[in-house]
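Chemist: Here is how the chains run, residue by residue.
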Amino acid sequence: MKRSIMRIHLLIPCLVDQFRPRAGLGALNILRSLGMHVDYTPEQVCCGQPFYKSGRMKEARALARKTLFNYLDGRPVVSPSGSCVNMIRRHYEELFLNEPHLLNLSRDLSARTYEFSEFLVRVLGVTDLGASFRGKVTFHDSCQVRRGLGVFNEPRALLARVAGLELREMERPDECCGFGGVFSARYPRIAGAIARDKIERALNTGASTITGCEISCLLHIERQAKRMVSPVRTLHLTEILG
Amino acid sequence: MKPSCELFDTLSRKALEDPHLQEALRGIDKRLRAMRDEAFQELPDAEGLRNQARRIRDHVLDNLDTYLERLEENVTRLGGTVHWAEDAASARKVVEDLAVSRGVNSVVKGKSMVSEEIGLNEGLEALGIDVVETDLGEFIIQLAGETPSHIVGPAIHKTRRQIAELFHRELGAPLMDEPEDMTRFARETLRKRFLGADMGITGANFLVASAGAVVLFENEGNIRLSTTLPPVHVAVTGIEKVVPTWEDLSVLMQLLPRSATGQKLSTYVSLLMGPKRKMEPDGADEFHLVLLDNGRSRILGDGEFRESLRCIRCGACLNTCPVYLKVGGHAYGWVYSGPIGSVLTPQLIQDPHSASALPYATTLCGACAEVCPVKIDIPRILTALRRRYAEDPAWGPASWTERGIFYLAGTILGDRRLYETTGRIARMFRPVLESRLTGSPFPPPAKTPFRHSRAATAQTEKGGESE
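Here the protein sequences line up with chains A and B, keeping their order.
Residue numbering for the first sequence follows the numbering used here, starting at 1 and increasing by one per position.
Residue numbering for the second sequence follows the numbering used here, starting at 1 and increasing by one per position.
Please keep in mind that the hints were generated in silico from the structure rather than gathered at the bench.
None of the values given here were measured: they were computed from a predicted structure.
It cannot be assumed that every hint is accurate.
Computed list of lysine-lysine pairs in DSBU-like fashion (alpha-carbon distance at most 35 Å, straight line) [as the list claims (entries may be wrong)]: (1) B:Lys278 <-> B:Lys93; (2) A:Lys226 <-> B:Lys14; (3) B:Lys2 <-> B:Lys93; (4) B:Lys276 <-> B:Lys264; (5) B:Lys30 <-> B:Lys375; (6) B:Lys30 <-> B:Lys264; (7) B:Lys264 <-> B:Lys192; (8) B:Lys192 <-> A:Lys58; (9) B:Lys447 <-> A:Lys136; (10) A:Lys66 <-> B:Lys447; (11) B:Lys30 <-> B:Lys14; (12) B:Lys375 <-> B:Lys14; (13) B:Lys14 <-> B:Lys2; (14) B:Lys447 <-> A:Lys226; (15) A:Lys66 <-> B:Lys375; (16) A:Lys136 <-> B:Lys278; (17) B:Lys375 <-> B:Lys264; (18) B:Lys93 <-> B:Lys192; (19) B:Lys2 <-> B:Lys30; (20) B:Lys278 <-> B:Lys192; (21) B:Lys375 <-> B:Lys2; (22) B:Lys276 <-> B:Lys93; (23) A:Lys226 <-> A:Lys136; (24) B:Lys192 <-> B:Lys276; (25) A:Lys58 <-> B:Lys93; (26) B:Lys2 <-> B:Lys278; (27) A:Lys226 <-> B:Lys30.
Residues of chain B clear of chain A, computed beta-carbon distances all greater than 10 Å [as the list claims (entries may be wrong)]: (28) Asp9; (29) Glu146; (30) Leu265; (31) Ala394; (32) Ala455.
Estimated spans, in silico, between C-beta atoms of each pair [to be verified]: (33) A:Lys136 <-> B:Phe429: 30 to 38 Å; (34) B:Gly196 <-> A:Arg227: 55 to 63 Å; (35) A:Glu93 <-> B:Asp392: 17 to 25 Å; (36) A:Glu93 <-> B:Thr411: 21 to 29 Å.
Built from N, CA and C at the ideal position, the CB exists for glycine as well.
Work the whole structure out from these sequences, hints included.
Modeler: What follows is the structure, encoded as structure tokens:
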């Protein structure tokens with residue numbers, strides 16, 4: 001890395017913004033503490049993922065186009081939301097196959113958009129943030145993060161350096177939590193049943209904190225845990241590290 | 001089989017509330033999925049083999065006409081007869097005509113999903129022909145008057161106890177506890193049927209074009225008996241099952257049993273080439289191969305969906321699908337269930353609109369694609385199907401409510417001010433939302449969104465300054 005101050009964008013997606021702002025604040029604090037100059041634009045709201053996944057290409061394109069234009073300056077874009085990064089990286093191109101200019105822009109953005117833990121570990125080469133946390137934690141591999149981005153060692157490497165934190169792996173940490181975006185809206189009962197299995201496996205580790213790199217899963221899991229009157233709580237990785 | 005895919009929501013709710021089904025489903029990931037994973041770990045280059053298999057299947061699909069002609073040529077040369085069936089009704093008619101003209105009274109059947117797809121049993125039974133399923137799982141569900149709930153394990157939704165009671169009730173068997181005893185009982189019942197059958201009907205796992213061979217994998221020996229004991233053997237399968245050569249088969253052969261049951265090879269592999277020849281003591285006197293299209297050539301012609309036809313029906317995607325493992329196969333409302341069912345059903349059934357729920361019956365988690373032996377990108381196809389349903393009038397337009405919701409959401413999320421105002425309004429109702437949002441995956445919004453936090457606003461202002 002260059003010695004000069006690195007200037008990056010922090011992309012805070014709508015779910016983090018509205019439901020778990022602390023995850024965004026954690027990311028912001030960590031990136032600043034590493035000496036980054038962090039830009040945040042409130043113009044950015046939604047990457048278009050829910051529309052793309054529902055086959056609503058018109059809305060997906062409109063939102064993706066907005067995102068492209070919010071980050072034209074060529075700087076890295078970092079987000080504490082794996083699924084949004086996956087959307088930008090793996091699906092934006094597909095939206096603009098017939099629009100050469102936007103296609104180029106989306107390729108450019110894809111190449112410099114990073115999930116938070118990925119950016120820290122792979123790009124900056126940082127694992128020790130000097131953070132501390134008391135207790136046992138188990139990690140949920142979100143599908144879009146692990147299968148989509150291939151990110152699963154990075155968050156674990158970061159957690160391993162947190163003083164006082166004991167990482168307990170659950171059985172099948174990579175199994176879906178049942179959220180699935182529109183899926184949980186259409187079939188809340190099935191989504192809930194899948195999450196309850198996940199919570200059970202998490203509790204079996206002796207940990208009552210579930211962490212991960214994707215807020216939608218964590219919100220869904222916590223919601224189901226409340227319904228089960230289970231002691232499980234969820235924290236985004238950035239909430240633990242920040 | 002009459003589809004009831006539009007009932008996914010209702011059927012899945014029922015499934016979630018059925019304690020027996022839940023008990024039966026719990027075993028699947030522990031057994032089948034774990035065994036599959038283990039079997040793949042033993043392969044020196046599983047990934048390479050899967051890529052090879054995918055290439056073989058794609059090559060076949062790109063040259064399907066050529067290989068089908070070659071297959072027909074070779075089957076005919078060996079003394080068999082090939083029948084082409086455009087749809088379910090014509091496939092049924094072929095088999096019914098064969099049965100009637102040969103004076104068939106009794107049919108023994110090997111497990112075949114295609115025969116379920118075309119409703120073969122009902123057709124034959126309507127002619128007064130006695131049809132008995134000889135695969136243990138199929139035998140069980142035939143007794144219960146049900147349909148298969150899994151591509152490979154048709155009775156996987158039943159617990160041991162339920163099967164014991166079924167045998168007791170329907171066949172007068174004593175109440176048994178051990179699977180071995182139940183299997184022995186079924187075998188004794190079936191043995192008499194094999195000996196008296198006039199026709200054996202099976203599916204086919206693969207068809208080797210260069211040899212005119214029908215390839216069947218099984219563990220119970222019932223297919224071996226169904227294909228060799230009765231005087232007439234009819235194999236009914238889809239046109240996509242063809243592979244070019246034995247060499248290609250040797251690749252797929254390493255993957256199918258491993259993916260399906262975690263076995264290196266199934267107990268029996270039958271390579272059948274035409275009817276019995278003069279010097280041969282065993283085998284059917286007549287061999288017929290019914291090749292079913294029933295929508296497959298339409299899929300073949302659709303670039304976006306063609307790879308759906310790579311499927312070799314191993315069922316691995318079912319065994320790893322979080323949704324299937326919760327709701328079981330019957331919730332999907334037709335023959336093919338699980339992820340691949342959600343891919344195939346909308347494309348195969350008469351009225352695609354009635355299956356519009358299926359591409360949404362998935363979290364798009366990608367577990368299926370991870371295990372698919374021929375690397376079908378199931379999540380991609382499911383997303384593409386959602387797009388068809390949303391945009392293509394031929395697939396049946398989405399409801400106005402749905403369109404309205406997406407339009408509204410798109411407008412709000414596409415305009416920062418509108419989004420912030422909506423957030424403000426939602427926050428005003430936080431206490432109400434807390435008690436009302438019980439079915440939602442999300443909690444009520446936080447008191448202060450990130451964008452209005454001090455850190456974020458300070459950062460935005462600073463972002464405007466020069467470095």
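Chemist: For every hint, state whether the structure bears it out.
Modeler: Right, here's what the structure says about each hint:
In summary, the hint linking B:Lys278 to B:Lys93 is supported, as the alpha carbons are separated by about 30 Å, within the 35 Å threshold. In summary, the hint linking A:Lys226 to B:Lys14 is supported, as the alpha carbons are separated by about 24 Å, within the 35 Å threshold. With a C-alpha separation of about 17 Å, the suggested pair B:Lys2 and B:Lys93 falls inside the 35 Å cut-off, and the hint holds. As the CA atoms of B:Lys276 and B:Lys264 are separated by approximately 29 Å, the hinted pair is consistent with the 35 Å bound.
For the hint linking B:Lys30 to B:Lys375, the alpha-carbon distance of about 23 Å falls within 35 Å, and the restraint holds. A distance of roughly 18 Å separates the Cα atoms of B:Lys30 and B:Lys264; the hinted pair therefore holds under the 35 Å criterion. For a cut-off of 35 Å, the pair hint linking B:Lys264 to B:Lys192 stands: about 31 Å separates their Cα positions. For a cut-off of 35 Å, the pair hint linking B:Lys192 to A:Lys58 is broken: about 63 Å separates their Cα positions.
Among the hinted pairs, B:Lys447 with A:Lys136 is consistent with the structure: their alpha-carbon atoms are about 28 Å apart, no more than 35 Å. With a CA separation close to 27 Å, the supplied pair A:Lys66 and B:Lys447 stays within the 35 Å bound. Proposed proximity of B:Lys30 and B:Lys14 is supported: the alpha carbons are some 23 Å apart, at most 35 Å. Restraint check for B:Lys375 and B:Lys14: satisfied, since their Cα atoms lie roughly 32 Å apart, inside the 35 Å limit.
Taken as a hint, the B:Lys14 and B:Lys2 pair is honoured in the structure, with Cα atoms around 19 Å apart against an allowance of 35 Å. Of the pairs offered as hints, the one joining B:Lys447 and A:Lys226 holds, with about 19 Å between alpha carbons and a cut-off of 35 Å not exceeded. Only pairs whose Cα atoms come within 35 Å are accepted, and A:Lys66 paired with B:Lys375 is accepted, the gap being roughly 34 Å. Between A:Lys136 and B:Lys278 the CA atoms are separated by roughly 74 Å; this puts the pair beyond 35 Å, and the hint is violated.
Note on B:Lys375 and B:Lys264: the hinted pairing holds, with a Cα-Cα distance of about 19 Å set against a maximum of 35 Å. For a cut-off of 35 Å, the pair hint linking B:Lys93 to B:Lys192 stands: about 28 Å separates their Cα positions. With a C-alpha separation of about 32 Å, the suggested pair B:Lys2 and B:Lys30 falls inside the 35 Å cut-off, and the hint holds. About 27 Å separates the Cα atoms of B:Lys278 and B:Lys192, which keeps this hinted pair within 35 Å; it holds.
For a cut-off of 35 Å, the pair hint linking B:Lys375 to B:Lys2 stands: about 30 Å separates their Cα positions. Distance check on the hinted pair: B:Lys276 and B:Lys93 sit about 25 Å apart at the alpha-carbon level, within 35 Å; holds. Using a Cα cut-off of 35 Å, the hinted pair A:Lys226 and A:Lys136 holds, with the two alpha carbons roughly 19 Å apart. Annotation: proposed proximity of B:Lys192 to B:Lys276 holds, straight-line Cα distance about 22 Å (limit 35 Å).
Of the pairs offered as hints, the one joining A:Lys58 and B:Lys93 is violated, with about 46 Å between alpha carbons and a cut-off of 35 Å exceeded. Distance hint between B:Lys2 and B:Lys278 is unfulfilled; the C-alpha atoms sit about 43 Å from each other, more than 35 Å. Note on A:Lys226 and B:Lys30: the hinted pairing holds, with a Cα-Cα distance of about 27 Å set against a maximum of 35 Å. Not every C-beta of chain A lies more than 10 Å from that of B:Asp9, the closest at about 7 Å, which undercuts listing it as non-interface.
With a closest Cβ-Cβ approach of about 22 Å to chain A, B:Glu146 is found to remain outside the 10 Å limit, as its non-interface label requires. Consistency note on B:Leu265: stated as away from chain A, and its beta-carbon is indeed over 10 Å from all of that chain's, at 28 Å minimum. At roughly 14 Å from the closest C-beta of chain A, the C-beta of B:Ala394 stays outside 10 Å, upholding its exclusion from the interface. Chain A draws B:Ala455 into its interface by the beta-carbon criterion, the shortest separation being 6 Å against a cut-off of 10 Å.
Between A:Lys136 and B:Phe429 the beta carbon distance is about 36 Å. The supplied range of 30 to 38 Å therefore holds. Remark: the range hint 55 to 63 Å for B:Gly196 to A:Arg227 is upheld by a beta-carbon distance near 57 Å. Our hint of 17 to 25 Å for A:Glu93 and B:Asp392 holds, since their Cβ atoms are close to 22 Å apart. Roughly 25 Å separates the CB atoms of A:Glu93 and B:Thr411, a value that falls within the hinted 21 to 29 Å.
In this structure, the earlier hints numbered 8, 16, 25, 26, 28 and 32 are contradicted, and the remaining ones agree with it.
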